[in-house]
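Position one of the sequence shown corresponds to residue 258 (the working numbering), numbered consecutively onward.
Read the hints as simulated data drawn from the structure, not as lab findings.
Being a predicted model, the structure only gives us computed values, none of them experimental.
Mixed in with the good hints there might be a few duds.
[To be verified] Straight-line distance between alpha carbons at most 30 Å, and here's what the computed BS3-like set of lysine-lysine pairs gives:
{"#": "1", "residue 1": "K467", "residue 2": "K690"}
{"#": "2", "residue 1": "K557", "residue 2": "K843"}
{"#": "3", "residue 1": "K397", "residue 2": "K329"}
{"#": "4", "residue 1": "K489", "residue 2": "K424"}
{"#": "5", "residue 1": "K690", "residue 2": "K704"}
{"#": "6", "residue 1": "K843", "residue 2": "K806"}
{"#": "7", "residue 1": "K836", "residue 2": "K726"}
{"#": "8", "residue 1": "K806", "residue 2": "K832"}
{"#": "9", "residue 1": "K836", "residue 2": "K725"}
{"#": "10", "residue 1": "K506", "residue 2": "K467"}
{"#": "11", "residue 1": "K725", "residue 2": "K686"}
{"#": "12", "residue 1": "K275", "residue 2": "K836"}
[Stated by the list, open to error] The calculated label-pair distances, taken between Cβ atoms and stated as ranges, are:
{"#": "13", "residue 1": "T432", "residue 2": "N518", "range": "16 to 22 Å"}
{"#": "14", "residue 1": "D417", "residue 2": "E510", "range": "25 to 31 Å"}
{"#": "15", "residue 1": "R825", "residue 2": "K557", "range": "51 to 57 Å"}
All C-beta atoms in this analysis are idealised placements derived from N, C-alpha and C, irrespective of residue type, glycine included.
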Amino acid sequence: MIATEPKASIKGGEFLIKETEAAHVFIPEEFTEEQQMIAASSREFIAREIWPRLNDIDNAKSPELISSLMDKAGELGLLGTSVPEEFGGFGMNFNTSMLVAEVTGAGHSFSVALSAHTGIGTLPIVYYGNDEQKSKYLPKLATGEWKAAYCLTEPDSGSDANSGKTKATLSEDGTHYVLNGQKMWITNGGFADVYIVFAKIDDGNGQLDKNLSAFIVDRGFEGISMNEPEHKMGIKGSDTRQIFFNDVKVPVENLLSERGNGFKIAVNILNIGRIKLGIAAVGGSKGVINQAIQYANERKQFKTPISQFGAIKHKLAEMALKVYASETASYRAGQNIDELIEDLKSQGMEDGPAKLKALEQFAIECAIMKVHGSEVLDYVVDEGVQIYGGMGYSADAPMDRAYRDARINRIFEGTNEINRMLIVDMLLKRAMKGELDLMGPAMAVAKEIMSIPDFNMDEEDGLFVAEKKVLRNLKKAALMVSGAAVQKFMMNLSEEQEILMNVADMAIEIYVAESVLLRVEKLIGLKGEHAVDLQKQMALVYLHEAVEKVNNSGRAAITSFAEGDELRGMLMGLKRFTKIEPMNLKNSRRVIADALIAENKYIF
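All chains, full assembly: derive it from the sequences and hints.
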């Protein structure tokens, strides 16, 4: 039922029904020397220009400081990573831009400003702009001469983005649109020179289009005003405003793409934003782990560094293995996107459409990594506070800022609840369109749980044979639960949000656990098993934890809708599919923690 698939034919969401070979997965150890140099340059910029100014950035009374730091980032080339070379950028591939996002993700408020500019602020023009729009805006956005902001959210329009009320009315002479409306939570709003604004066009009879359209709006257009910066729990240095558009005249040539295409633009750009937020959270997590390790080595209680206590070792190891897992799965997805882009271009598709198609294809994985990365960061900062103890609660210690700044990431780019439901919704929609064969394997699993278990003891050859069997069974568990839920609720499944989130959690853990195992398998092939023993320990511990999470989520879903014999049968099936040989997880975590403690930093 679950077969090995050639590299070129990997599609989004297929990880649930197919098995990928380690040779077909990109791992961070494969970044080229040039890519590593780019990362080192980005890391040096953050260490030199941002970390010494974190207090100044957070306490600034105006956006001038962060705007000037954006200028410096532009001089270094950090603002043009995804802009094509012909428009003044570097035209980096997707995974290289992910690498930059990871490193700069440790920049707290600055990383928010940077990602808003390079991502949702600039990419709509990169992917949807015509030649004239690209020529006018991209060179200045790539250098930082102009900064960008993205104006989608409204007071009554958040997760339901297409319900926005901002409207654009075509002038009688047909030369411009008159824009009226209010946007809120606009990152970079106070210093942006270019706004990507979403509005519905008035048909001339007082009726608004069903779907949004997108406009490029220059700050210099008359009628734009804004509130003072918002006072926020965290990312205090990020300039966040409400923006008002009052009879703003926008030239017709500033309509981005086609009329009514704005919602599609928003969705596709958010796919990019999601996976890049996930990998930026990895960068932020690594910084926090470094601080936690160093503090644990310095802080003594009972005449002993607290890093020598088992409870602290458990925390450090868990922090590290979760970050390692999130990093691994993010770059796996990023490389899949890169490969599909190149495949589509080789078939004759132009660069922009190829990138959009690839991102759309892997939208499921983008949502998975947004959820996983942001929740790993929240776990890491929370445990960071705990390791610091009383000092962790002090505003004079670094965990205060890390804890507060991290919290927004579960809300940014669509809340994690919305993203969980999107994961399952996209899987099921592709299945209904015939793009993804989920129901066939799900029916096979339903038949399997009614049969006598296979006790065939024939051993396979190769690495992680038992672990790969565990993963195949976890996929069966997810297929069993999702298939039964679809049959039970049919078109009303979307109303069962708790079940959707349970299924999403199963899919998330399966994807990430498989990614880590494949990374380590590939590393063993490159370096030998002894050289990567620590990574192997992390992969095995993560797999054991994933089994437990899949079991818990599956049980929560099954007991939400099944009764009687169906309930008992499905619970028996879930038990069968979530078995794993026990191992001493405590010792494995101690081995991982001891290596971190000895090096006084995150070492992976």
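Status of the hints after comparison with the structure:
1. Of the supplied pair hints, the one linking K467 and K690 holds, its CA atoms being roughly 24 Å apart against a limit of 30 Å.
2. Between the alpha carbons of K557 and K843 the distance comes to roughly 23 Å, so the proposed pair stays at or under 30 Å and holds.
3. Straight-line distance between C-alpha atoms of K397 and K329 comes to about 14 Å, which keeps the hinted pair within the 30 Å bound.
4. For the hint pairing K489 with K424, the CA-to-CA distance comes to about 28 Å; that is within 30 Å, so the pair holds.
5. A hinted pair counts as satisfied when its Cα atoms are at most 30 Å apart, and K690 with K704 qualifies at roughly 24 Å.
6. With a C-alpha separation of about 18 Å, the suggested pairing of K843 with K806 holds against the 30 Å cut-off.
7. Under the criterion of a C-alpha separation no larger than 30 Å, the hint pairing K836 with K726 is consistent with the structure, at around 10 Å.
8. Distance restraint check for K806 and K832: the Cα-Cα separation of roughly 13 Å lies within the 30 Å cut-off, and the hinted pair is therefore satisfied.
9. Restraint check for K836 and K725: satisfied, since their Cα atoms lie roughly 12 Å apart, inside the 30 Å limit.
10. Note on K506 and K467: the hinted pairing holds, with a Cα-Cα distance of about 22 Å set against a maximum of 30 Å.
11. As the CA atoms of K725 and K686 are separated by approximately 28 Å, the hinted pair is consistent with the 30 Å bound.
12. For the proposed pair K275 and K836, the alpha carbon gap of about 20 Å is at most 30 Å, so the pair holds.
13. About 21 Å separates the C-beta atoms of T432 and N518, a value consistent with the hinted range of 16 to 22 Å.
14. For the pair D417 and E510, the beta carbons lie near 30 Å from each other, so the given range of 25 to 31 Å is met.
15. Between R825 and K557 the CB atoms are about 54 Å apart, so this pair conforms to the stated range of 51 to 57 Å.
Violated hints: none; the structure is consistent with every hint.
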